[in-house]
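K.L.:
So you can see what is in the structure, the chains are spelled out below.
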Amino acid sequence: MNTLAWWLIRAQFRSCRVATLLSMLAIALGVALGYAIHLINDAALTDFSRAMKTVQGEPDAVIAARDSAGSVALSSLEEIARDPAVLVVAAVIETRVRIGHWPAPVRLIGLDVFTAGVVMPGLLPRQAEPAPTGSILEGGVYASPALLARLGLPVNAALTLTRGDQQWSTSIAGDLPAAGPDELLLVADIAWVQEHFGPADAVSEARLRLAPDADPASWRARLAQRLPAGLLLRVADDDSARAANLSRAYRVNLNVLALVALLTGAFLVFATQLTAVAQRSTQFALLGVLGLTPARRLLQVLLEALAIGLPGALLGLGLGYGLAFAFTRLLGGDLGGGYFPGSAPIIVPQATSALGFLFLGCIASLAGALYPAWLNRRQALVQALNSGFAQMPRAGRNARRQLLLPIGLALTAGALLQLPPLFELPLAGYAAIALVLVIGISAAPLLTQQLFGWVATRSLLPAPQQIALQNVAQAPLMAQVAASGLIVSFALTASMVIMVSSFRVAVDRWLDHVLPAPLYLRSKATPLPQDLLAALARTDTPFAHVERTAHALLTLDPQRPGVGLLVRELERSNPGERLPFSGPVIAPPPEMAVVWISEAMHEIYRLSPGQTIHLPLLGREVEVFVGGVWRDYARQFGAVAISRDDYRRLGGDFRPTDLALWPLPGQEAAAAEWLRPYTARHGLELAESAEIRQLSLSIFDKSFAVTHALEAAAMLIGVFGLAVTLAASVWLRARELATLGALGFDRRMLSRSVMLEGALIAAVGLLIGSICGTAIGAVLTHVVNPQAFHWHMPLDIPWLALLAGVASTLATAIFASHYAARQATRLPVAQVLASTQ
Amino acid sequence: MRRRSFLATPLLLPALASSASARQAVAYPPVTRGHHLVFPRDHGAHPEFRTEWWYVTGALDTPQQDIGFQLTFFRSRPGTAENLHSPIAARQIVFAHAALSLPGDRLRHSERAARANLGARFSSLDCDVGIGAWRMFRQARGADEELRLQMQSPQFSWELTLSPTQALLLQGDQGYSPKGHAPGLASYYVSWPQLQVAGTLVYAGRQQMVSGRAWFDHEWSTALLGEGAVGWDWLGINLADGGALMAFRMRDAVGATLYAHAAWRDAGGRLRQFAPDSVRFTPLRGWSSPRSGATYPVQIEISFGEQSVRTLPLLDDQELAASRPTPVVYWEGLVRIEGSLSGRGYLEMTGYAERLRVAGHSARLPAAG
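Top line first, the protein sequences correspond to chains A and B.
Heads up: the first sequence at position 397 corresponds to 397 in our numbering, and the numbers run straight through without jumps.
Heads up: the second sequence at position 211 corresponds to 211 in our numbering, and the numbers run straight through without jumps.
Heads up, some of the hints might be wrong.
In silico contact screen, one side only, chain B against chain A (beta carbon under 7 Å); selected entries [as the list claims (entries may be wrong)]:
no.: 1; residue: Ala90
no.: 2; residue: Gly132
no.: 3; residue: Gly268
Quick list of simulated restraints, FRET-style, between CB atoms [what the hints assert, rightly or not]:
no.: 4; chain 1: B; residue 1: Phe39; chain 2: A; residue 2: Arg222; range: 51 to 61 Å
no.: 5; chain 1: B; residue 1: Tyr28; chain 2: A; residue 2: Asp201; range: 44 to 54 Å
no.: 6; chain 1: B; residue 1: Phe39; chain 2: A; residue 2: Asp201; range: 46 to 56 Å
no.: 7; chain 1: B; residue 1: Ala275; chain 2: A; residue 2: Arg222; range: 56 to 66 Å
no.: 8; chain 1: B; residue 1: Gly228; chain 2: A; residue 2: Ala104; range: 49 to 59 Å
no.: 9; chain 1: A; residue 1: Pro84; chain 2: B; residue 2: Glu82; range: 32 to 42 Å
no.: 10; chain 1: A; residue 1: Asn156; chain 2: B; residue 2: Phe39; range: 11 to 21 Å
no.: 11; chain 1: B; residue 1: Gly255; chain 2: A; residue 2: Asp201; range: 46 to 56 Å
no.: 12; chain 1: B; residue 1: Gly255; chain 2: A; residue 2: Asn156; range: 55 to 65 Å
What the simulated footprint calls covered on chain B by chain A, stretch by stretch (three residues with Cβ under 8 Å from a Cβ of chain A suffice, anywhere in the stretch; the number is not a length) [as the list claims (entries may be wrong)]:
no.: 13; segment: 75-84
no.: 14; segment: 307-317
No wet-lab data here; the hints were simulated from the structure.
Glycine included, each C-beta is placed from N, C-alpha and C at the ideal position.
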């Protein structure tokens, strides 16, 4: 029996080489993409947490300010240190400084060598011999090997560190032997950092080691009650959760793309196996008469599917590894998404995940073969022996009943779209997309039957065209098979195009609103120097108007990335002039500070306009009024804007980091010239709004580059699928075509008939695909994007691009069916007719 | 006269010592004869001096056994970061060390280190010094006073109250205690013998009430070490009759005595001091450490004037390897003495494993424990 199974598989592979290979490739592509994304993200996360471990060490808990501009007071630290459950409190002051005229700011970590060894062994300095200073306590700085190499400075070299207006002239007293190979770090004694850069009487963070016999959970609960409102207690779990949260939505979306490829693969297996079952119906019937049980017939089809899926998945694993390797080298661990900057992680494959993806590939292949296998089991042997494959399961259904399935599915999809995100992911949205595809495919036979049947009965076309029409109308299952791959691939491609285009249009408009000034200037992560701000306040500047902004970060939830805090020179009464509000703006009570939150913050933290909320600002809980929700594509994890006046009223020190500048008319060149000495001296970044705009859009395009490659692959698979199915159907209908030949159809007529058939099926596929694609595109823009990324945007369908896609796909499909037509014209007419007698 | 006095010098951090010349000289005040000590003010810290320590050693009587315990807070002003304004500048560094000697077992110990205002704190008004949850402080209790000791470590913890039964013992000349023949080699040195101990001890997960006798030392100085000294032997004994005995000697590289001193306050409160030439240390039996290979004279005969006593260690292996501030191996533990006087107290012997390291070449600081 096994010999028979093996023999049948081999025979099948030989007779449908192209189709089989194509199915295999599609499965491989799906597995490869999914596996590559998994590997890359895994590596990026590992890399990210490793880098974090060097810098932060592995403390049992971290106490830090919720406001990035805030700090942990020494008095709070002393109180925490006295807790018997606390073994060591390692205090840290962390800031960013510029080294000399080096443009990029570098992380400077001030630590206390008496405690750092326990929690952050990776940051311990090594003294150079001979050293310019006696020890770390006497004011040298220690650079990571990567930084020393990048700076090209020797140990002992003098250097000046700058942060805003503050400066520290010191020298390199040694290195950091345990720092990672990519880490750009400076380490110095905490007191020296505090002396030069602050914060006064406070530190940035306290990293704790707890006593081994302390119960961390109850200790945390106890401490959380005593902790001042401006402080936050973070544990190791929070850090890994935050790292995973950073890229989760992005990663899941990429994985869905991989699933799309896998799904296309499954449809190809479906098409291949269905035609294979049809082609070999006589063979199977004969074997059945000879004693092959129906169960074995079912199993045989599944076995063949596995023979496609397994090598496909294996190939996919290899391909995925290669892809992951190449992508991390080219784009970094976040595939250009910008979540884990500056990392080129090392890919380490793991057996469990590899097996998982292997399994997934096989499952996709088996799922595609289920229906053909079931059909093969149900074939009536005698009939099959006599006249070949019968489409019996479809017979006897009326159109009204056939409509029930799509309508039911559509209702279900509609209901799914009303659901909120699950686990903060648009899972219901994805399910709805799958349903839309199923509706499209199940609607295909109905449409072909009704549409072409109606046309065929009412028109008087030349014989070849009439035959093609009749064929499509009366063999709806075959048409469904041929069209299904096209429907799926075109729908998904169209939906991606629609989504990306809507998004791009929305980002473009948004940039108009958020970049009103011609010139922008920013300091990287440090406050702007006072001399510049003072100079700008004078009247003789070439600027008509200057707006200042201060950026900071607030941590509302230790398991989530921080929320951006924007202190801006806004009118309390008219914030809409600068912020792109997406809803109504509510006037705040006069005595209360007002904030305007981004859509992401509105959704992640469930805050709404009109609410009064407590914000951890300035080291305490501040009561503020939510005045409105604005659109923000820049900060996925939320942002909150407050006017400078309110911020000052709350006791905040407004220290601008960004400037928007409006030069006087005609003085644009003079304005840039005026700023040049400041940008050179302080390492500031000056950009025209057009540049920023272009850069933003190019980053946008880069981050969606991966999707274009996928779209192309999906379309290719869809078109090939059509060609292969057509070819198979030609083979199936050899007798009919031979008869036509005998009746006087010449080669051109036969060829035209088959090509027209292909064109008709492609047209149906593309029509359904476009409709489904538009529907899916709408789901992506209105449900998936808001739920996964909190990005809201209007639907914007790029009709021209879509039509071009339809036209080119149709042309390709007709060209591809030429391959099938050629087979039809090469049929040995006499032989075929003779053998089927 | 404790080992830690070495550590209190600029040798504190190996790298500090290696380039001491690069640093500005710090003007430490000298220790002078005739300075009048005032209490409780002089129980507090003297941060202008280079080194200072508060040191409690004692014996606990539990139903099962005698247990030796020791808690030291050690303050150092290494001369670093003197010009910084930052409150957390490393001008004053505090080390703490606790040890427990259990018969039939090895010595257990635990240590902590921190700079002032960043984990460590001390008062200049009265005895109150601490790092995190570790603390040693004096407090008034009605008309009386007491010392309180608190420490926690993964291995053992205690909370002890020490009640004085006798007056303070000002060592040397009213607290001025010479450490060598050279002028200026001296410390201010205050002892408080025969403290009554009560409190709780947690060891091996078991909490027990304990009582016993302890000895408190408070010493501060700027220059303690004479030329050629490699180590010393020191002894502080609560005598069974209520008296108190303190003796020490400084040794050179060949083991010869460079300087020695003994002070004996008898049960009647009469204090007798013995000049270097009338104090003699004679090793009787050595014990070799399997870990360091050093041989310590765990039984020593000490004679001063007409008196002569021999030490009998509670257990031979009371060798200690401290990692902070620099790695150093020495012997410090509970002993009984027999002879013309008898009692219990602590014996400390340093410089036997190797010459006490005064400079190193690694800037890697020892990790906290």
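K.L.:
Hints first: check each against the structure and report whether it holds.
P.N.:
Hint check results:
1. Ala90: holds, 4 Å
2. Gly132: holds, 4 Å
3. Gly268: This hint is violated: B:Gly268 lies away from chain A, its Cβ roughly 43 Å from the closest one there, beyond 7 Å.
4. B:Phe39 - A:Arg222: 51 to 61 Å: With Cβ atoms ~38 Å apart, the hint is violated.
5. B:Tyr28 - A:Asp201: 44 to 54 Å: violated, 28 Å
6. B:Phe39 - A:Asp201: 46 to 56 Å: violated, 33 Å
7. B:Ala275 - A:Arg222: 56 to 66 Å: Since B:Ala275 and A:Arg222 have Cβ atoms about 58 Å apart, the given range 56 to 66 Å holds.
8. B:Gly228 - A:Ala104: 49 to 59 Å: holds, 55 Å
9. A:Pro84 - B:Glu82: 32 to 42 Å: Given range 32 to 42 Å: holds, Cβ gap about 34 Å.
10. A:Asn156 - B:Phe39: 11 to 21 Å: Hint violated: Cβ distance 50 Å, outside 11 to 21 Å.
11. B:Gly255 - A:Asp201: 46 to 56 Å: Holds, at about 52 Å.
12. B:Gly255 - A:Asn156: 55 to 65 Å: For A:Asn156 against B:Gly255, whose Cβ atoms are near 43 Å apart, the range 55 to 65 Å is violated.
13. 75-84: holds (count 4)
14. 307-317: Three-residue rule not met by the segment 307-317 of chain B, so violated; n is 0.
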